[in-house]
Structures are given as structure tokens and as C-alpha cells.
Amino acid sequence: MTTMTSNMPETDSRLDLQQLMRQKYRRRVIVGNVILAFVMAALVVALIPLLSIVISVIDRGSKVLSTAFLTQVQQDPFAFDPYAIGGIWNAIVGSLVMDGIAIGAAIPLGIFSGVILSDAKGKIGTTIHRIFDVMIGLPSILFGLFVFFVLLGPVFNNAYSGMAGVIALTLMSIPLIAVATESAISAVPPTLNEAGLALGALPSRVMWNIKLPAARPAILTGVLLALSRAVGETAPVLFVIGQSREANWNPAAEQSSLPTLTFQYLQGFFPSQREAAWGIALILMTVVFLVNLTSRIISARSQRG
Amino acid sequence: MEMSMEMKENSTIHLAPVVQDDAQRGSSEVAMRLNDVSVAFSGKTVVRGATFDVRKGAVTAMIGPSGSGKTTLLRALNRLHDLTPGAEVKGQILLGQDDVYGGGIPTPILRARVGMVFQRPNPFPTMSIADNVTSGLRFNGVKDKKKLEEAIEASLWAAALWDSVKDRLKAPASTLSGGEQQRLCIARALAVEPDVLLMDEPTSSLDPISTQRIEDLMQDLKKIVTIVIVTHNMQQAARVSDDCAFLLMAEDRAGELIEFAPTAKIFNDPQDSRTLDYIQGRFG
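Protein chains in written order, with this note's numbering: chain A, 1 to 305; chain B, 1 to 284.
To be clear, the hints were calculated from the coordinates, so they are not data collected in a lab. We put the beta carbon where it would ideally sit given N, CA and C, even for glycine. A few of these clues could be false.
To be clear about the criterion: a stretch of chain A counts as covered by chain B if any three or more of its residues have a C-beta under 8 Å from a C-beta of chain B, and this derived list gives those stretches [to be verified]:
#, segment
1, 179–192
2, 195–204
3, 209–217
Between the sequences and the hints, there should be enough to build the whole structure, so can you do that?
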């Protein structure tokens, strides 16, 4: 290599420009730092209330938690013994039973709907997709209203029933799982679809043996998100499951649930009831946190391949 | 155009790869016959007028610059355009005696007889190496354990992959290297014992050594399967193919078949000046 000789002269204009850029540089740094400071301030403003919620739930909730609180059923305190609130076992059982059945029913219904959505081309497919999108955005109390006014009379003889709550929660969860399934299937590389078809497989076989297995981690994440939403929902079940003080493993009986008991205790006359609401809040927060953590682990694992 | 004709007459040194003329290559039996095949997407013609015979046991290469419709024509052979709304294939394609588009053969059965290897290796990510190989058989209703077991070894052997994977057949296919994955895809396609194997730029995503291995492999494979390969790499076509179809984009941007001949003739004595320009590297 021969040495390159520069034929670019050191003109005045070049020196002027470089001088100007040097002067501007300090200004740019200052402006950048000011913007960064504003962004950090906004972050702090957003984080303070969030953190204070979490901290107060942990702080006040942990004071209520005890073995008795978790294993005894609910009691009504009275004037001579204002601390006799018993525990929340009836609500734990109710939540387990209702959320379990609701998600168990919503998984097949939602996944099959999602499969059909991912295959449905044209107007009908788009319309169903829109309906599901709207259903996801609906205020959850509408599901409660629907079951209360439309189903409770004819189906449940106007009696409160855990199953009515199950129906409300299932209806709410199906579109979440369906849309998650649809987008998970759409994210499967089209070349895998072609590879399957090019071997002589029928499209249904490709869906079942190639696309669904490849989409499974993302579908599972959708299911867990639907679960964590169902666990925390008050409105869909509030009017329809009653207020059982017994632990009922029978889903058709009158039921209780963690969010509805929280609601009930927040309106309670005795301070001990309002303190107990913090305890339930801590349990709900922990459950939702664990479910989210699980879905994180699943999606991280699937990305590692 | 005149320039190139002149060049052809004057040229004594070929820039193009020299191909040995070997009369023994392939048989004269026809595996697939294309008769004036055109493909259009939503009314816009992408490739037209392709007429040639794919000889049994030979490697037929489709070459040409980008946009000449090579891949489009290849995907017409196993009806993969059926997946694209608005795609239309005209003309006649025969697989043996069966009319591919004339209702002569159900599409899944056609695709089992005309296998395909894609540009990028696409093993099924949730299946093991062994399950990838047997997937085609299982999709086509073969359940016999013994038959599936035999297919694993035979196909991996044919794809020159058996020795390196025989101890980890249950491992996920994603644990293989890119070149190994592509050979797994070849094994997967071979397991259903197709008559014809379509290869769509099978080495375009591979390193030179993996490319070499797949090119070597093709010479063994053509003893058991007729191969049609699309390649943008002229040297590769010269190295691996027996017959060669040269396609070029016409003025209306539709690909056309310019010349079809034995590879030795295409590279040593092309009849069309445009073919000569291309193999001498003047464009594309």
C-alpha cells in the first residue's frame, strides 16, 4: 500500500465549521442531560405510587397472615369480640374451584377458537377476530351483568351458584386465550407450514403436529395471563356466587372467592375486617406474581430453544 | 446484442465453467414434463412458456438472474402456489402419466411423490432428529414401527448424516449445525421415497464446506431420485446438473425460458446469445 496523500486543503471554512461544532457540542450535552433528568423524574413519579401499593400490601397484609387466617373459615365478629374474623379458607376454596373449572373450560374452547381464527380468511374470520378483540376490552362487570340477568333465573333457578361465576369467568377468559393462540400460530414461520405440506401432510395435520407444538409456549403464556386475570376479578362473580361462609368444594353451591371477600371486608363495620382485606390482597398479589413469573420462565425457556 | 454475437464467435477462452460432456448422464425416460407452463399472481404473469422434460435420474438445474421466475416455476411442480390466494398456474405438468393440475392426482399424494428442500433449513423445531425423518411417513398414515425405524437409518444414510447423528437421534433437530439441518431436511424429504426431489437454492444459506457436501451428496442421490434444483450460482449448476434451463426476465418483467439443453451444451455451446452473456457473467 502506498501512503495516501491528502489533497484536501485546510480551508478557512473547514476550520470555521469544526470550531462551530465544538462550540455546539457543550450545548448538546447539556440538552441531552436535561431531557434525561426529565425522563428519570417521570419514572420516579410513576414508580412511587406503584411501589407504595406493593409495600403497604406487604406491610399491612403480613400482619394479618397466620396459619389460622389461611385455614379457618370466615366468621362474623360481634361487639364483644371484634377480632373474631376467623380466616379465609372458604374464599381460598371458592377461588380454587371456580378459577380452576373456568380456566379448564376456557383452555380447549379458547385454543380451538384460536385455531379456527388463524385459519379463517376473509370477512367471517376478521369479524370474529374483531368480536374477540372487543370482548377482551369489555369491562368485566358486563360478564357479571349478563350472567346475573340472563342466566341466573332460567339456568340456576334464581339461586346463587359457583357455577354461575364459572360461566362468567369462562366467557371472559375464552377471547384472551383465543387471541393469544391465534397470534402464537401466526408467529410460526410459514416455511414450517410449507415443509409439512410439501411432505404430503393435510393442512389439519400440519396444524396439529407442527404449528400448535411450535406455538405452545406462547399459548401457555396466554393461558397463564387469562388465569391471573380470572383469579383477581371481582365484578364478574360478585352478583352471582352469593357469600358462602363455608368452604364448598362443590362448585354448584353458593361460593366465596378471594376478590369478593376483599370487597366484602372493605365494606366491613369492624376494623379487623378491613385489616383482613390487606391479608387477602397480599395473597392475591403473590398468586398473580407467581403466575407471571411462571409465564416469564416458560417464554424464556422456549427462546433458548 | 451484436457485440455479444461477435464475442461468441471470437471467444476462444470461456469465462464460464467448463463442463465435461458425458452422454451417460441420466436416462432418456421422462420423470416430469412441463408443457407451456405459466404462473401468474393476481393476473400478473411471473413466469411463462416453460416447456421442457425433466429426465429420470438426472439433475435438472434452473438458472437465471433474480426475478427470472426460477423458484416460482419450481414451486409450481408440487403445487405450493395453492397456498397463495390469487396464484394461477396454466399449461400442463405431467408427473409420469399423471396430470398434476388436471385432477390426475390428489395434491397431498403429489407432494409425497415430489419432495422439496427449501432455501433455508427448516427442520420441525419441536421434533427430534428421528421424528423429523419419519414425519412425512407419519403424516401420510404410515404407523408400522419397523418401517419407521428402517426409514430413519436409510434416509439419514442417504443424506450422509447417519454417522454424525446415529448416537443422538432423540436430540432436538435444532441442536444440529446449519449444514446438518439442511441434510436432515433432505433425509426428511427422502423418507417418503419420492420420485422427484425439488431443491430451492438448497445451499444459499450455507458455508462453502456445507455447500460442497450437499453438492457431493446430490451426485449420489440422483441414483435414487430425480432432482430439480434452482440455483443462482452458475458454477453450482455447472458442477451438479445434467440438464439446464436458463430463464430470463422479459421486458414485461415476466420470466421466460430462454434455453433448455444438456448442461454441457448450455455452458460450452449455448444457442442463444443471452445465455452466453449470462454464463460469461455479463449480467445477473
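Right, here's what the structure says about each hint:
With 3 residues having a Cβ less than 8 Å from any Cβ of chain B, the segment 179–192 of chain A passes the three-residue criterion, so the hint holds. As drawn, the segment 195–204 of chain A meets chain B at 8 residues by the rule of a beta-carbon pair under 8 Å; at three or more, the given contact holds. Counting residues of the segment 209–217 of chain A whose C-beta sits closer than 8 Å to any C-beta of chain B gives 5, which meets the bar of three, so the coverage hint holds.
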